[in-house]
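Model the full structure from these sequences, guided by the hints.
Next come the chains, spelled out residue by residue.
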Amino acid sequence: MSLEEPDDPLATRDVGVTEEGVDYDALADLLGDTVIDRESHVNAEGFVVRPDEVQDALFALRDEAGFDHCACVTAQDYDDRYESIYHLRKYDDPTQEVSVVVPSPKSDPVSQTAEPVYRTADWHEREAYDLVGIDYEGHPDMRRILLPETWQGHPLSQDFSGEEPQVVTLREHANPLADDKRSEDDPDTMFINIGPHHPATHGVLHVETVLDGEQIAHVEPDIGYLHRCEEQMCQQGTYRHQIMPYPDRWDYVSAGILNEWAYARAAEDLADIEVPEYAQVIRTMSAEMSRIAAHMLALGTFALDVFGDFTAVFQYAFRDREVVQDLLEDLTGQRLMFNYLRLGGVAWDLPEPREEFFEKTRDFLDDMPEKLKEYHNLVTSNEIFQMRCVDTGILPPEEAKQYGATGPVARGSGIDYDLRRDDPYGYYSELDWDVVTEDGCDNYARVLCRMQEVEQSARIIEQCVDLLEDWPEDERDIQANVPRTLRPDPDTEIYRAVEAAKGELGIYIRSDGTDKPARFKIRSPCFSNLQTLPVMSEGEFVPDMIASLGSLDIVLGEVDR
Amino acid sequence: MIPLQSNSETPFPSIIADLLGLDASEPAVLIVLSVVAAGVIATVLLTMTAVLGIWGKRKITAAFTDRIAVNRHGPYGLLIIPADAVRLLSKELIVPSEVDRPAWDLAPLIIASSALLGFAVIPFGHGLQLADPEIGLAYVFAVASIASLGLLMAGYASNNKFSFLGGLRAVAQNLAYEIPLVITGASVVIFAGSLRMSTIVEVQQQTLVSLGGIAIPSWFAFVNPFAFALFLIANLAEVGRNPFDIPEAPTEIVAGYQTEYSSVYFVLIYLGEFIHIFLGGAIIATIFLGGASGPVLPGVVWFFIKMISVYLFTQWARSAVPRVRVDQLIQIGWKGMLVLSFANLVLTAVIVGVAAA
Amino acid sequence: MIGILKSMATTMKHALDGETFTVEYPETEPEVSPRFRGVHKFSQERCIWCRQCENVCPNNTIQIVTDDQRNGEQYNLHIGQCIYCRLCEEVCPVDAILLTQNFEWTADTKDEFVLDKEQLKNVPWYKDIDPLESREPDRGAWIGEGEGELDYQ
Numbered sequence: 001m002s003l004e005e006p007d008d009p010l011a012t013r014d015v016g017v018t019e020e021g022v023d024y025d026a027l028a029d030l031l032g033d034t035v036i037d038r039e040s041h042v043n044a045e046g047f048v049v050r051p052d053e054v055q056d057a058l059f060a061l062r063d064e065a066g067f068d069h070c071a072c073v074t075a076q077d078y079d080d081r082y083e084s085i086y087h088l089r090k091y092d093d094p095t096q097e098v099s100v101v102v103p104s105p106k107s108d109p110v111s112q113t114a115e116p117v118y119r120t121a122d123w124h125e126r127e128a129y130d131l132v133g134i135d136y137e138g139h140p141d142m143r144r145i146l147l148p149e150t151w152q153g154h155p156l157s158q159d160f161s162g163e164e165p166q167v168v169t170l171r172e173h174a175n176p177l178a179d180d181k182r183s184e185d186d187p188d189t190m191f192i193n194i195g196p197h198h199p200a201t202h203g204v205l206h207v208e209t210v211l212d213g214e215q216i217a218h219v220e221p222d223i224g225y226l227h228r229c230e231e232q233m234c235q236q237g238t239y240r241h242q243i244m245p246y247p248d249r250w251d252y253v254s255a256g257i258l259n260e261w262a263y264a265r266a267a268e269d270l271a272d273i274e275v276p277e278y279a280q281v282i283r284t285m286s287a288e289m290s291r292i293a294a295h296m297l298a299l300g301t302f303a304l305d306v307f308g309d310f311t312a313v314f315q316y317a318f319r320d321r322e323v324v325q326d327l328l329e330d331l332t333g334q335r336l337m338f339n340y341l342r343l344g345g346v347a348w349d350l351p352e353p354r355e356e357f358f359e360k361t362r363d364f365l366d367d368m369p370e371k372l373k374e375y376h377n378l379v380t381s382n383e384i385f386q387m388r389c390v391d392t393g394i395l396p397p398e399e400a401k402q403y404g405a406t407g408p409v410a411r412g413s414g415i416d417y418d419l420r421r422d423d424p425y426g427y428y429s430e431l432d433w434d435v436v437t438e439d440g441c442d443n444y445a446r447v448l449c450r451m452q453e454v455e456q457s458a459r460i461i462e463q464c465v466d467l468l469e470d471w472p473e474d475e476r477d478i479q480a481n482v483p484r485t486l487r488p489d490p491d492t493e494i495y496r497a498v499e500a501a502k503g504e505l506g507i508y509i510r511s512d513g514t515d516k517p518a519r520f521k522i523r524s525p526c527f528s529n530l531q532t533l534p535v536m537s538e539g540e541f542v543p544d545m546i547a548s549l550g551s552l553d554i555v556l557g558e559v560d561r
Numbered sequence: 001m002i003p004l005q006s007n008s009e010t011p012f013p014s015i016i017a018d019l020l021g022l023d024a025s026e027p028a029v030l031i032v033l034s035v036v037a038a039g040v041i042a043t044v045l046l047t048m049t050a051v052l053g054i055w056g057k058r059k060i061t062a063a064f065t066d067r068i069a070v071n072r073h074g075p076y077g078l079l080i081i082p083a084d085a086v087r088l089l090s091k092e093l094i095v096p097s098e099v100d101r102p103a104w105d106l107a108p109l110i111i112a113s114s115a116l117l118g119f120a121v122i123p124f125g126h127g128l129q130l131a132d133p134e135i136g137l138a139y140v141f142a143v144a145s146i147a148s149l150g151l152l153m154a155g156y157a158s159n160n161k162f163s164f165l166g167g168l169r170a171v172a173q174n175l176a177y178e179i180p181l182v183i184t185g186a187s188v189v190i191f192a193g194s195l196r197m198s199t200i201v202e203v204q205q206q207t208l209v210s211l212g213g214i215a216i217p218s219w220f221a222f223v224n225p226f227a228f229a230l231f232l233i234a235n236l237a238e239v240g241r242n243p244f245d246i247p248e249a250p251t252e253i254v255a256g257y258q259t260e261y262s263s264v265y266f267v268l269i270y271l272g273e274f275i276h277i278f279l280g281g282a283i284i285a286t287i288f289l290g291g292a293s294g295p296v297l298p299g300v301v302w303f304f305i306k307m308i309s310v311y312l313f314t315q316w317a318r319s320a321v322p323r324v325r326v327d328q329l330i331q332i333g334w335k336g337m338l339v340l341s342f343a344n345l346v347l348t349a350v351i352v353g354v355a356a357a
Numbered sequence: 001m002i003g004i005l006k007s008m009a010t011t012m013k014h015a016l017d018g019e020t021f022t023v024e025y026p027e028t029e030p031e032v033s034p035r036f037r038g039v040h041k042f043s044q045e046r047c048i049w050c051r052q053c054e055n056v057c058p059n060n061t062i063q064i065v066t067d068d069q070r071n072g073e074q075y076n077l078h079i080g081q082c083i084y085c086r087l088c089e090e091v092c093p094v095d096a097i098l099l100t101q102n103f104e105w106t107a108d109t110k111d112e113f114v115l116d117k118e119q120l121k122n123v124p125w126y127k128d129i130d131p132l133e134s135r136e137p138d139r140g141a142w143i144g145e146g147e148g149e150l151d152y153q
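Chains as they are written, first to last, in our numbering: chain A, 1 to 561; chain B, 1 to 357; chain C, 1 to 153.
Please note that the accuracy of each hint is not assured.
No more than 35 Å apart at the CA atoms, straight line, and that leaves these computed lysine-lysine pairs for DSBU-like [said to hold, decoys possible]: (1) B:LYS57 <-> A:LYS373; (2) A:LYS360 <-> A:LYS373; (3) A:LYS371 <-> C:LYS127; (4) C:LYS110 <-> A:LYS360; (5) B:LYS59 <-> B:LYS91; (6) A:LYS106 <-> A:LYS516; (7) A:LYS371 <-> A:LYS360; (8) B:LYS91 <-> A:LYS373; (9) C:LYS117 <-> C:LYS127; (10) C:LYS13 <-> A:LYS516; (11) A:LYS360 <-> C:LYS127; (12) A:LYS360 <-> B:LYS59; (13) B:LYS57 <-> B:LYS91; (14) B:LYS57 <-> C:LYS6; (15) C:LYS110 <-> C:LYS121; (16) C:LYS6 <-> A:LYS373; (17) C:LYS117 <-> A:LYS373; (18) A:LYS371 <-> B:LYS57; (19) C:LYS117 <-> A:LYS360; (20) C:LYS13 <-> B:LYS57; (21) C:LYS127 <-> C:LYS110; (22) B:LYS91 <-> B:LYS335.
Partial list, derived from the structure: chain A residues whose beta carbon lies under 10 Å from chain C [as the list claims (entries may be wrong)]: (23) GLN215; (24) HIS218; (25) GLN242; (26) ARG249; (27) VAL313; (28) PHE318; (29) PHE358.
Hint data in this document are derived by calculation from the structure and do not stem from the laboratory. The beta-carbon is built from N, C-alpha and C at its ideal position, and this holds for glycine as well.
Written as structure tokens, this is what we have:
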């Protein structure tokens with residue numbers, strides 16, 4: 001995007017775009033009187049907006065300045081006010097960021113909803129309401145999302161008492177057999193609960209489905225069965241050590257190092273820690289190994305959903321994932337819960353003897369094309385598979401952007417968005433690799449996208465291995481000098497994201513001068529991606545919905561956190 | 001050696017009568033001997049189901065998926081069969097509230113028995129055939145499709161929406177594939193000129209062509225491979241195996257019509273499914289693969305080899321072919337299979353007519 | 001149709017080659033990496049009761065009881081609650097707590113997973129390998145050390 005093409009219809013959407021980045025003064029002019037104050041976050045400037053003018057500000061930023069990606073909504077409770085922060089960025093250039101900060105009074109925490117501007121704000125605001133207690137005016141469906149409907153109080157607000165007994169009655173749960181019809185004029189529909197105990201919901205997801213015959217009239221994912229208070233746990237851990245083991249447990253299907261990197265990146269930028277280059281290469285390599293493992297699992301489970309049994313494809317994918325897992329075990333000491341990254345570096349250098357590790361990795365990479373060919377023979381070239389996946393679960397790019405979809409889900413819809421390239425971190429910018437996009441927008445495109453990303457990851461690992469092999473022995477610094485107790489300056493706020501296996505995994509941290517974060521918010525890619533399920537599956541058949549769910553590749557541990 | 005075919009209407013009971021020196025023309029004796037013979041055949045089939053359904057299936061799936069599978073229970077893990085039987089039968093029979101009781105109880109029995117009934121006219125070779133009526137083939141198709149009724153009853157009576165969907169899917173699928181199946185079977189009847197199973201087998205013993213001294217018999221699979229392929233595919237759908245396992249579809253509708261069944265009822269349904277596959281295999285062996293004929297080995301062994309090969313084929317398809325969607329299934333059935341099977345019928349009729357002329 | 005046949009050929013190839021990727025555990029003991037993190041081992045001879053491991057533990061798995069002179073009395077660790085992050089080993093200045101490669105541990109009740117210092121001392125090495133040697137070659141391995149009677153101060 002540049003200013004040189006005034007006739008371009010998009011030209012009206014680049015207010016504040018300059019060569020050096022975002023010109024926040026121009027944005028302030030654009031927003032005019034709606035801005036009552038300015039804040040400075042580490043990643044971007046924040047505009048403080050009155051709670052009844054949120055939509056005006058967001059519409060202006062979306063339509064005039066081109067901030068089309070509402071990455072995350074963070075809510076928090078200060079001593080004197082509640083606050084919602086909308087972290088906006090652009091799909092074209094995610095380094096252009098802006099935060100819209102909306103304070104609301106302690107006595108009456110009401111704020112205008114952003115749902116008409118960004119559809120993704122629907123679930124994010126419900127979560128903010130659920131955990132912090134801010135009420136969003138005009139929100140179409142202001143219910144709890146993670147906690148049970150009968151929960152008393154809002155656990156992340158300051159006046160919440162964990163001591164009070166909670167009553168979660170079974171009586172409150174809807175009887176699925178009681179009422180079959182969702183509307184009087186459509187008497188032929190049937191309400192059915194798919195999940196939380198269902199073979200194809202990838203964990204404990206509950207999909208409330210209304211069927212018209214075999215076709216889906218309405219579908220609504222109900223989440224929260226695996227809510228483990230991950231944000232609260234991180235708020236009780238110290239920056240230096242205690243938070244790092246937990247990211248492994250968000251997206252627990254072996255994408256651990258990618259998750260750890262999300263936290264490491266946010267905390268390192270917050271505390272201004274420089275990571276040695278050697279450690280960055282190791283991080284890049286191990287992160288891509290994690291990505292291969294995660295994508296293999298995604299492929300296996302997707303095939304499981306479409307093929308219908310625990311049969312060959314699933315087992316082959318697991319067999320190949322096992323090889324990566326062994327490599328990661330050699331490197332990190334654990335197969336799933338790695339806890340390998342540290343602030344300022346990694347925990348260990350490559351295992352001795354290094355040659356053996358390189359050889360193993362090379363063998364794995366050499367076998368890769370053969371194995372991918374096998375998957376193409378077995379899965380993607382199969383006509384029945386194509387019948388099932390092509391043109392089902394359509395997610396148009398505009399809808400994907402509205403819902404904040406990222407990762408292979410967005411790239412399968414032709415959105416060229418990959419934080420590894422667009423918002424470079426680690427060693428990615430030095431390496432030679434491509435961002436994979438597919439224009440199919442359907443289940444097939446998403447699967448193809450993942451399979452090609454595995455190839456790209458293999459390319460990255462190969463280059464990293466070459467680099468590591470020739471790295472001079474006296475420059476192998478795996479850790480920067482980081483103080484034993486880390487106390488970032490008070491009231492520093494940061495939102496930083498990395499490209500995890502499922503998409504943009506962002507972390508928001510606000511420090512309060514102690515060695516523990518005052519607010520730790522996880523922007524989970526699966527959470528946003530899952531919101532697109534109704535778009536994909538309404539009007540299609542139950543099997544297509546199951547396939548779409550599989551192609552979204554959600555991990556409920558990350559959705560519910 | 002006992003001849004491959006027997007001309008009696010009730011060959012197997014007559015054979016027993018001869019062995020025991022009894023008079024088979026006495027009705028009372030015949031009834032008793034028929035029951036005995038039926039018991040022998042059923043026992044053989046149930047044993048086969050136990051071996052192939054419990055142990056064989058695991059081993060086969062494991063081979064396709066590079067695993068080891070059962071190997072701790074006795075030699076080659078074979079003792080898993082009694083272990084599993086005890087496990088399944090000793091489980092609690094859970095009867096969900098508000099199930100439609102007589103129908104819910106009857107459904108597993110119907111599913112299991114309809115498949116068994118079909119074996120009454122299957123010639124295993126050497127006269128091992130319970131009965132050889134003139135309408136043998138029609139009878140087999142008729143009783144095998146009673147299973148659909150059982151599936152619908154199971155689905156409808158379970159008071160469970162997944163079961164309900166599964167039951168409806170089962171009926172839709174059986175309707176769509178029964179017709180191509182029967183019509184393809186009819187093309188064989190045109191060739192053979194009889195519905196009697198023993199005659200169909202007999203016709204296939206003639207030599208089709210002689211290649212370098214090896215006489216290739218005129219098995220209908222060789223005479224009309226197109227009909228054979230059609231029948232094989234329609235049979236996959238008929239027995240509800242991949243890619244047509246729509247009525248169960250574990251990842252979509254949990255377990256379809258059998259979702260609510262446990263313990264003994266589950267065993268019956270499971271048994272019924274396997275016997276149904278074997279019945280499908282037996283029909284294919286009889287009408288396409290020359291029944292109990294083959295070199296060197298005795299005929300009955302050949303018959304079982306052919307029957308089990310069809311079972312292996314279903315397992316092979318299961319490992320590699322994705323399940324089709326329910327609307328695609330119906331489309332394939334009505335727009336593809338039905339048209340092709342009629343075309344095949346006309347083609348066969350023309351060929352037979354020309355050959356006769 | 002070609003695609004379906006190709007799929008079926010692929011699985012048949014696997015069925016016929018007779019290779020398996022699963023192993024017969026426990027007859028075939030898996031090779032675990034030297035860095036693998038299993039059940040802890042504790043050496044009272046080395047411990048200086050500095051409580052760093054207790055403080056760093058992310059979920060309060062380690063409980064240390066000392067008397068008023070800061071002499072150690074108890075060292076309890078709940079291996080069922082532990083998340084095996086190895087931070088205790090990492091912060092320990094004297095390598096008194098160490099994660100062995102031993103991943104084989106069963107008990108009838110959860111309570112039996114609470115190990116005191118005696119039980120922690122007797123945790124067996126997996127295949128008699130001291131992982132410290134390969135993890136941190138410059139630190140002294142302590143296999144074989146402290147096999148005799150304990151000297152309680």
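Verification of the supplied hints:
1. B:LYS57 <-> A:LYS373: holds (28 Å)
2. A:LYS360 <-> A:LYS373: Measuring from Cα to Cα gives roughly 21 Å; hence the hint holds.
3. A:LYS371 <-> C:LYS127: OK: LYS371 of chain A and LYS127 of chain C at ~34 Å, within 35 Å.
4. C:LYS110 <-> A:LYS360: Violated, at roughly 39 Å.
5. B:LYS59 <-> B:LYS91: Roughly 24 Å separates the two Cα atoms, so the pair holds.
6. A:LYS106 <-> A:LYS516: holds (24 Å)
7. A:LYS371 <-> A:LYS360: holds (16 Å)
8. B:LYS91 <-> A:LYS373: violated (45 Å)
9. C:LYS117 <-> C:LYS127: holds (22 Å)
10. C:LYS13 <-> A:LYS516: Violated - the C-alpha atoms of LYS516 of chain A and LYS13 of chain C are around 56 Å apart, more than 35 Å.
11. A:LYS360 <-> C:LYS127: holds (23 Å)
12. A:LYS360 <-> B:LYS59: holds (32 Å)
13. B:LYS57 <-> B:LYS91: It holds: about 22 Å lies between the C-alpha atoms, which stays within 35 Å.
14. B:LYS57 <-> C:LYS6: holds (23 Å)
15. C:LYS110 <-> C:LYS121: Distance ~20 Å between LYS110 of chain C and LYS121 of chain C Cα, so the pair holds.
16. C:LYS6 <-> A:LYS373: Status holds; Cα separation ~11 Å.
17. C:LYS117 <-> A:LYS373: violated (53 Å)
18. A:LYS371 <-> B:LYS57: holds (26 Å)
19. C:LYS117 <-> A:LYS360: Outside the cut-off at roughly 39 Å; violated.
20. C:LYS13 <-> B:LYS57: holds (18 Å)
21. C:LYS127 <-> C:LYS110: Distance of about 26 Å is within 35 Å: holds.
22. B:LYS91 <-> B:LYS335: Violated, because 44 Å separates the two Cα atoms, which is more than 35 Å.
23. GLN215: violated (27 Å)
24. HIS218: Since the shortest Cβ distance to chain C is 35 Å, the answer is violated.
25. GLN242: holds (4 Å)
26. ARG249: This hint holds: ARG249 of chain A lies near chain C, its Cβ roughly 8 Å from the closest one there, short of 10 Å.
27. VAL313: This hint holds: VAL313 of chain A lies near chain C, its Cβ roughly 9 Å from the closest one there, short of 10 Å.
28. PHE318: This hint holds: PHE318 of chain A lies near chain C, its Cβ roughly 9 Å from the closest one there, short of 10 Å.
29. PHE358: For PHE358 of chain A, the interface hint is violated, since the closest Cβ of chain C sits about 15 Å away, which is over 10 Å.
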